[in-house]
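These protein sequence lines map, in sequence, to chains A and B. Heads up, the first sequence is in UniProt numbering, so the first residue is 1 and it goes up one at a time. Heads up, the second sequence is in UniProt numbering, so the first residue is 1 and it goes up one at a time.
Bear in mind the hints are in silico, worked out from the structure with no lab data behind them. Do not take every clue at face value.
Since the list gives no way to pick one copy over another, a pair counts as held whenever it fits inside one copy or between any two copies.
What the hints assert, rightly or not - Cut-off 35 Å, straight-line C-alpha distance, at most; resulting in silico cross-link-like pairs (DSBU-like, lysine-lysine):
| # | residue 1 | residue 2 |
| --- | --- | --- |
| 1 | Lys360 | Lys51 |
| 2 | Lys151 | Lys7 |
| 3 | Lys51 | Lys151 |
| 4 | Lys70 | Lys151 |
| 5 | Lys51 | Lys7 |
Each chain, letter by letter, is given below.
Protein chains: 2
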Amino acid sequence: MRTRPLKVALLGCGVVGSEVARIMTTHADDLAARIGAPVELAGVAVRRPDKVREGIDPSLVTTDATALVKRGDIDVVVEVIGGIEPARTLITTAFEHGASVVSANKALLAQDGAALHAAADENGKDLYYEAAVAGAIPLIRPLRESLAGDKVNRVLGIVNGTTNFILDKMDSTGAGYQEALDEATALGYAEADPTADVEGFDAAAKAAILAGIAFHTRVRLDDVYREGMTEVTAADFASAKEMGCTIKLLAICERAADGASVTARVHPAMIPLSHPLASVRGAYNAVFVESDAAGQLMFYGPGAGGSPTASAVLGDLVAVCRNRLSGATGPGESAYAALPVSPMGDVVTRYHISLDVADKPGVLAQVATVFAEHGVSIDTVRQQGKDGEASLVVVTHRASDAALGGTVEALRKLDTVRGVASIMRVEGE
Amino acid sequence: MRTRPLKVALLGCGVVGSEVARIMTTHADDLAARIGAPVELAGVAVRRPDKVREGIDPSLVTTDATALVKRGDIDVVVEVIGGIEPARTLITTAFEHGASVVSANKALLAQDGAALHAAADENGKDLYYEAAVAGAIPLIRPLRESLAGDKVNRVLGIVNGTTNFILDKMDSTGAGYQEALDEATALGYAEADPTADVEGFDAAAKAAILAGIAFHTRVRLDDVYREGMTEVTAADFASAKEMGCTIKLLAICERAADGASVTARVHPAMIPLSHPLASVRGAYNAVFVESDAAGQLMFYGPGAGGSPTASAVLGDLVAVCRNRLSGATGPGESAYAALPVSPMGDVVTRYHISLDVADKPGVLAQVATVFAEHGVSIDTVRQQGKDGEASLVVVTHRASDAALGGTVEALRKLDTVRGVASIMRVEGE
Ligand SMILES: NC(=O)c1ccc[n+]([C@@H]2O[C@H](COP(=O)([O-])OP(=O)(O)OC[C@H]3O[C@@H](n4cnc5c(N)ncnc54)[C@H](OP(=O)(O)O)[C@@H]3O)[C@@H](O)[C@H]2O)c1
Ligand SMILES: NC(=O)c1ccc[n+]([C@@H]2O[C@H](COP(=O)([O-])OP(=O)(O)OC[C@H]3O[C@@H](n4cnc5c(N)ncnc54)[C@H](OP(=O)(O)O)[C@@H]3O)[C@@H](O)[C@H]2O)c1
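With these hints in hand, go ahead and build the complete structure from the sequences.
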């Protein structure tokens, strides 16, 4: 074993960074044995230098992250600051000054992954980010390496723990969205400003990263269709139950049937209770992968939290250090397939639509005609009525999102349709 | 991209090998793009040269596997013959003649993994075998790489599809073992001689491989306690149901509480229906991993079959080819922890014991005394009796296997105990 240590600069020492530092200390011998050389924490960049940080040598702490990554003797920079800047500039500066990088930054990777990979390649360095998607769950490495000899057709996952906690609460207690969110906030599962989670931004970033890796193409954040879960109601859960389903916020990346394009989207959807993703409870994450040869695989575990995320960061750190010792680099970006990303209108799936309609004869015929005119074929219809008001629940066969959109627009124009109470996609069948 | 192809020798062209060859042809462009060089099938060794093999150029087929691996121009040998010899000698010969090796051979890896890894290291070559455990499910790579910065404490899995199919059938239909086995055989899930599966030999080989990788130590096949599932009865399933459990054949690798030793075992066990492994249906496999930082992870998918297994083989092939191009080798055996493997008697778990007893006063007191004398504490007892015959179902708290063994031996000596109908471990709580 080499005795000269590999030097690690830690950028950020918050929820994730503090756990990375802790495990680097407590597991130092194991890390050294697994890497083939000891690793040394050479510097820790933070915003507030005077905060007491247990187990961190104060002489290592600096607010000058730029100077730290420019030192020139750093082997690996671990970026766990988050956000776009200064993280982006720090990472590219690190490459230019000879370091490889491990990051947990999904927002940055989803937005600028291509440029960062290019910077890594130019400098012959590694960029690893297993922790950026689904925390502790090994997903990037299995997709990029284990399935490298296979053709992935679909990735379907619960990749945001906050929203899964909320939806699970709504499902199990009948609570409304706000009540469930309040509980998530009180228990620390939701941040004070939960927008990134509940509006699906966080999941969309992960979908972009996953789609790119799964299909060997480039998927930008803007390519991902995104719908949050703030409008999911207790009534939606009741409807889902009647269908033998539950509701999950899903990230779905698909290769088109002809193989010539891909789609990526995040939205709430009904899935059958028999689907393995339906039983993913609380803040857990799980991702389903379908490929030509392997068939259906599922990966399940904690999608966030300081120590699970640190586990993923440290797995990458070991890999990058090993690469460094052997003078090699790991598999970088693989976007050779260069497939176009189709718009949401091209996505084909099933739909569950609840309509408030006048309770009089002929309404069903009118509604059915509209579906037929738009080429959307109906699977089942359920009518419930009393006192001149009625509701109509329509479940369709597979149709394009564009066709469904046209159908709904036309339905809204019918005199007998008082309103479209909800539209939800049905997945996982 | 390099235009000179990497040369692959395929040893064996049966269920798995024929799929490897097929995908190498159909996915040639993707493989080339992902590796950075084309791969060429340079030779195929089989036993029966005259068998028609669709898609295989007959001029590549040979019965002289030894000559093929000695050719000297082979970059990667894919060993999918199975069994100990000639596979073992072919693999070491391959290393000596400059090739790296990808294998799906769990029996060989479990028996001779250490020697094969040593041969790979001596020659500076790679030995990869993702397909040897749980077919298509990425497991070796996540354990060896993704969790390389973490400390794994437990691996608990369903790693044999044949037995899971049989047990699932017994559970869902109430069938007995023989009936379920017959159905598995008729559907091609069980081989004509099912011994390796139903007696747990196959699962034990996988347990040895998993324990070694998870705990960075060496676990030999002989170190694995093994009990098959041929004696599981419909009555056991009925008892399991009463406890809110089902029965699975589990491979369990554990680090002792003090961290100083490990155990590895394969046996049928009751697990709660709420445990994610309880809902693994049919011939699917799933493995639960518990580690310090990541917490609980689960990996699920098809554990066997030609094309799923080929997916894993090809993932390894891509990795090994990439290593070859960069002049590096991947992470090899990591056995630095050198932990002793404790005998089964040291394993601590819970037990479900059914006794046939005389239906007279004082029997329960006698039985309870025996448990107490052996330091095995009882959680619940259920008594059912009629016509002078009764049964007593005891569920214990956690106790060592040695203590339980002593208890059962003493119980058998009681006049009032007519027989010990079944003993089953209870796991996953
Ligand atoms: N938390 C999770 O469960 C989780 C899961 C997966 C991925 N991630 C990702 O991991 C990254 C870090 O998340 P986190 O939860 O650990 O965040 P956090 O708790 O807010 O910590 C951020 C850290 O960065 C430091 N920092 C902020 N701005 C800085 C600057 N300009 N220069 C130097 N240091 C700066 C902060 O310093 P102070 O300590 O002085 O404030 C703090 O130590 C993010 O990309 C996040 O998306 C987090
Ligand atoms: N099948 C699965 O689902 C699965 C899953 C995971 C792992 N595996 C592992 O994969 C390996 C292969 O399994 P398999 O199911 O593909 O076996 P298989 O169908 O029996 O194929 C074995 C192949 O090896 C050839 N062979 C046998 N002895 C040979 C010799 N002395 N020299 C050259 N070739 C020889 C056979 O030739 P002929 O074609 O001429 O008979 C045949 O092509 C085993 O280690 C197995 O444990 C299999």
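Checked hints:
1. Proximity of lysine 360 to lysine 51 under the C-alpha cut-off of 35 Å is found in neither arrangement, the shortest distances being 69 Å within a copy and 71 Å between copies.
2. In the homo-oligomer, the alpha carbons of lysine 151 and lysine 7 lie at most 35 Å apart only across protomers (22 Å), although the nearest pairing inside one protomer, at 38 Å, exceeds that limit.
3. Proximity of lysine 51 to lysine 151 under the C-alpha cut-off of 35 Å is restricted to the inter-copy arrangement: shortest distance 29 Å between copies versus 49 Å within a copy.
4. Taking the closest pair of Cα atoms, lysine 70 and lysine 151 come within 35 Å of each other only across two copies (32 Å); inside a single copy the shortest separation is 40 Å, beyond that limit.
5. With identical chains, the CA atoms of lysine 51 and lysine 7 are at most 35 Å apart within one copy only, with a shortest distance of 23 Å there and 57 Å across copies.
Checked against the numbered hints above, the structure breaks only hint 1 and satisfies the rest.
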